[in-house]
Amino acid sequence: MAAPSFQRILEILDRHGVELIVVGGVAAVLQGAPVTTFDIDTLVKIDERNAERLAAALAALDARYREHSKTLRPTKEDVLAGGHMLLMTNAGPLDVLGFIGADSRYEDLLPSATTVSVGNLSVRVLSLEELIAQKKALGRDKDRAMLRLLEEVLRRRRG
Numbered sequence: 006m007a008a009p010s011f012q013r014i015l016e017i018l019d020r021h022g023v024e025l026i027v028v029g030g031v032a033a034v035l036q037g038a039p040v041t042t043f044d045i046d047t048l049v050k051i052d053e054r055n056a057e058r059l060a061a062a063l064a065a066l067d068a069r070y071r072e073h074s075k076t077l078r079p080t081k082e083d084v085l086a087g088g089h090m091l092l093m094t095n096a097g098p099l100d101v102l103g104f105i106g107a108d109s110r111y112e113d114l115l116p117s118a119t120t121v122s123v124g125n126l127s128v129r130v131l132s133l134e135e136l137i138a139q140k141k142a143l144g145r146d147k148d149r150a151m152l153r154l155l156e157e158v159l160r161r162r163r164g
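Note that the working numbering has the sequence shown beginning at 6, numbered continuously upward.
No lab work stands behind these hints, which were simulated from the structure alone. Every clue listed holds true.
Below, in silico cross-link-like pairs of lysine to any residue (SDA-like), each with a Cα-Cα straight-line distance of 20 angstroms or less: (1) Lys50 - Leu114; (2) Lys50 - Lys81; (3) Lys81 - Glu57; (4) Lys50 - Leu91; (5) Lys75 - Met93; (6) Lys50 - Glu112; (7) Lys81 - Met93; (8) Lys81 - Glu24; (9) Lys141 - Ser117.
Please put together the full structure from these sequences, using the hints given.
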């Protein structure tokens with residue numbers, strides 16, 4: 006497979022009208038953090054209409070579950086279950102999340118999202134402040150390792 010195209014993934018999700026917030030490493034990168042990430046994490050709104058739009062977008066991306074010997078495709082019902090779907094698409098890896106942290110959902114974090122430009126798109130991303138709060142709450146080694154970097158980026162942005 007060619008190098009992942011997170012922009013292409015975002016364009017297809019946008020074209021289908023999927024309501025989402027980019028979280029994780031790509032959210033940090035889009036706000037100026039010099040980190041490396043290998044997948045794009047999206048926190049999606051879990052409701053019937055958004056699940057239909059997301060299922061159509063995933064079909065357009067030829068999405069399938071990663072790490073399964075048999076090809077399994079995500080369905081609208083999988084989206085409505087509200088868990089985590091770790092997918093591979095024809096544009097690279099995509100994680101579709103129903104919640105992050107201690108059960109923070111799309112609606113909970115929408116007020117903490119900011120909008121950034123990605124090519125011709127306006128994309129909602131979790132703010133640096135909220136990314137930092139989420140990583141502190143999780144307390145995993147990989148999250149603690151990124152905290153200093155995110156805090157420094159935030160400090161520099163504030164001037």
